[in-house]
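Q: Here is how the chains run, residue by residue.
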Amino acid sequence: MLRLVVNDVKQMQQLAQVISKHLQGGDLVVLTGDLGAGKTVFARSLLQALGVDQTVTSPTFVIMKNYRGKFPIEHVDIYRIDSLEELDVLGIPDLLEEGHFVVMEWGEKALGMFSESFLHITFERLEDDVSLEDEIAGQAPRFVSLDIVGSGFTGRRNQLENDITGHWGVAI
Amino acid sequence: MNSYPVTQGLILGIETSCDETAVAVVRDGHHALSSVISSQQVHSKFGGVVPELAGREHEKQILPVVREALTIAGLNMISPNLEAIAVTMGPGLSGALMVGVAAAKALSIAWNVPLVGVNHLEGHLFAVRLEDDPIEYPAVMLLVSGGHTMLVLVSAPGRYRIIGQSLDDAAGEAFDKVARFLGLGYPGGPEIEKEAQFGDPKAIRFPRALRDGSFNFSFSGLKTAVVTYARKNPNVEVSDIAASFQAAVVDILVEKTIKAAVENGAKSVALAGGVAANTILRKRMVEGAHKHQLAACIPAKINCTDNGAMIAAAGAWRLENFGPSDLSLGAYPSMALEEFAE
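First to last, the sequence lines map onto chains L and E.
Per our numbering, residue 351 is the first one in the first sequence, and the count goes up by one each step.
Per our numbering, residue 1029 is the first one in the second sequence, and the count goes up by one each step.
Rather than coming from a laboratory, the hints here were simulated on the basis of the structure.
Note that this is a predicted model, so its numbers are computed, not measured.
Don't take each hint at face value.
Claimed, not checked - A short list of chain L residues far from chain E (calculated; beta carbon distances all over 12 angstroms):
#, residue
1, 359
2, 427
3, 433
4, 439
5, 449
6, 450
7, 490
8, 503
Unchecked claim - If you want the footprint, here are the derived chain L segments under chain E, 3+ residues with CB under 8 angstroms:
#, segment
9, 360–374
10, 457–468
Here a beta-carbon is modelled for each residue, glycine too, at the ideal position from N, C-alpha and C.
All chains should be modelled from the sequences, with the hints used to inform the complete structure.
A: Here it is, written out as structure tokens:
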């Protein structure tokens, strides 16, 4: 697992850019973290880096939004989902099988659900003494942890990790 | 433009785009004789928010709700003597939309009456026509709900230009997420409003985002600001946070709506969508409009949230101007309002 400090929104966008280079259709990326921790900022940057040129708005209300980038992309948000049955109906394994790239926000509830390998990215606030002004201006730092769960991403794992540590170094 | 006789009869409006199974009977395109709204218990074990499952719940409700709407309007289920059936065909949750469209088609064949597909967003814009006072065009309408936040310049019915919208979260979504974070219930809008009554809207100065001269909105940063503030100030009253958050949302919605109306030479402003049921927003929009000599059309709360009457009102207008839809009508989950503008 890698754990980094990302200092501001701009760096978060850069991180998304670096990670995007190692992703392909059929990959699943699960984002976890509290409200306002940076999931959506990251997801939006990631989708843009993957070639989506429309505005990426929150998928919370509709649960799943489809985009066309380098490959078909599903932006999923399971914030409003309460049951495994509901999650099941989304048919995420099928979409992955068909080569769709899936990025899922609020994935906490689903972590044990996937037999597929996935890249798990967690966002945390660094500390509470950041001023409200800095937070609003996107100047507040975050801890970001990256973990590849399962045996997937073979052949890409090292490159991804090296690329990230090359840019950021590793925290703690 | 008139390709169909002027609508004077009764239109049945069916709306199943999201959580509500709603059916209404509207006369002359203006007068609701009945409007039945059966809300799904979104977060209960039944139904649910996933399109396919929401659809199952609509399936159970749709015919009982149609029967109730007809009965209240003094009509019977066998031969209700309608002029047309209007139905929401998009945007919305696919499985939910399909139930309404399928029911409307079946009833259209059974009763031998024309079918009219309606865009859900256009439906919201027609809620103003259910009021006694006719709205003066051009109007700037703020459509604000759990899924949408947009400013639409309506130069006449059917003539729409989206002049601004949320770049991230819809306002209703921000209400829901902040309510959940503060430990209040769902849906968040009414819960925040209730809690805010006991708080000071000036207690905390939350940011008013995108004061950049554009008519776009952003509520993601505000949500983060609320979380940051609450974490740093654990002893602050929840009611003060709720009131201050609500004030920040309302401020920016009113400010941009009025500015858009003034800059575009509109004669009136109007509210639509679920968040338009918020009392403070309604009050502040009227005040803001009057300050700038604009008329304000604030539809009854029941016509702001998803309902069948607005769909019937929009359907009446569509029928009159463009004629009926054919039976190949489908459900279009991501249909844009612009596709409907003339």
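Q: Classify the label on residue 439 of chain L as holds or violated, using whether its beta-carbon is more than 12 angstroms from each beta-carbon of chain E.
A: violated (5 angstroms)
Q: Beyond 12 angstroms from every chain E Cβ: check whether that's true for residue 450 of chain L.
A: holds (16 angstroms)
Q: Take a quick look at residue 359 of chain L and tell me if its Cβ sits farther than 12 angstroms from every Cβ on chain E, holds or violated.
A: Violated, since 10 angstroms does not exceed 12 angstroms.
Q: Non-interface claim for residue 503 of chain L: all C-beta distances to chain E beyond 12 angstroms?
A: The assertion about residue 503 of chain L holds, with a minimum of 28 angstroms to chain E.
Q: With d taken as the least Cβ-Cβ distance between residue 433 of chain L and chain E, does d exceed 12 angstroms?
A: Residue 433 of chain L is in fact no farther than 12 angstroms from some Cβ atom of chain E, at 7 angstroms.
Q: Are there three or more residues in the segment 360–374 of chain L whose C-beta lies within less than 8 angstroms of some C-beta in chain E?
A: This one is violated; 0 residues, fewer than the three required, reach chain E with a Cβ under 8 angstroms.
Q: Could you let me know if the closest chain E CB is still more than 12 angstroms away from the CB of residue 449 of chain L?
A: holds (21 angstroms)
Q: Report holds or violated for chain E covering the segment 457–468 of chain L, Cβ cut-off 8 angstroms, minimum 3 residues.
A: With 0 residues in contact (Cβ-Cβ under 8 angstroms with chain E), the coverage given for the segment 457–468 of chain L is violated.
Q: Just checking, residue 490 of chain L versus chain E, shortest CB gap more than 12 angstroms?
A: violated (8 angstroms)
Q: According to the definition I'm using, a residue is off the interface if its beta carbon is farther than 12 angstroms from all beta carbons of the partner; does residue 427 of chain L meet that for chain E?
A: Per Cβ check, residue 427 of chain L is inside 12 angstroms of chain E; nearest 10 angstroms; violated.
Of the numbered hints listed earlier, those contradicted by the structure are 1, 2, 3, 4, 7, 9 and 10.
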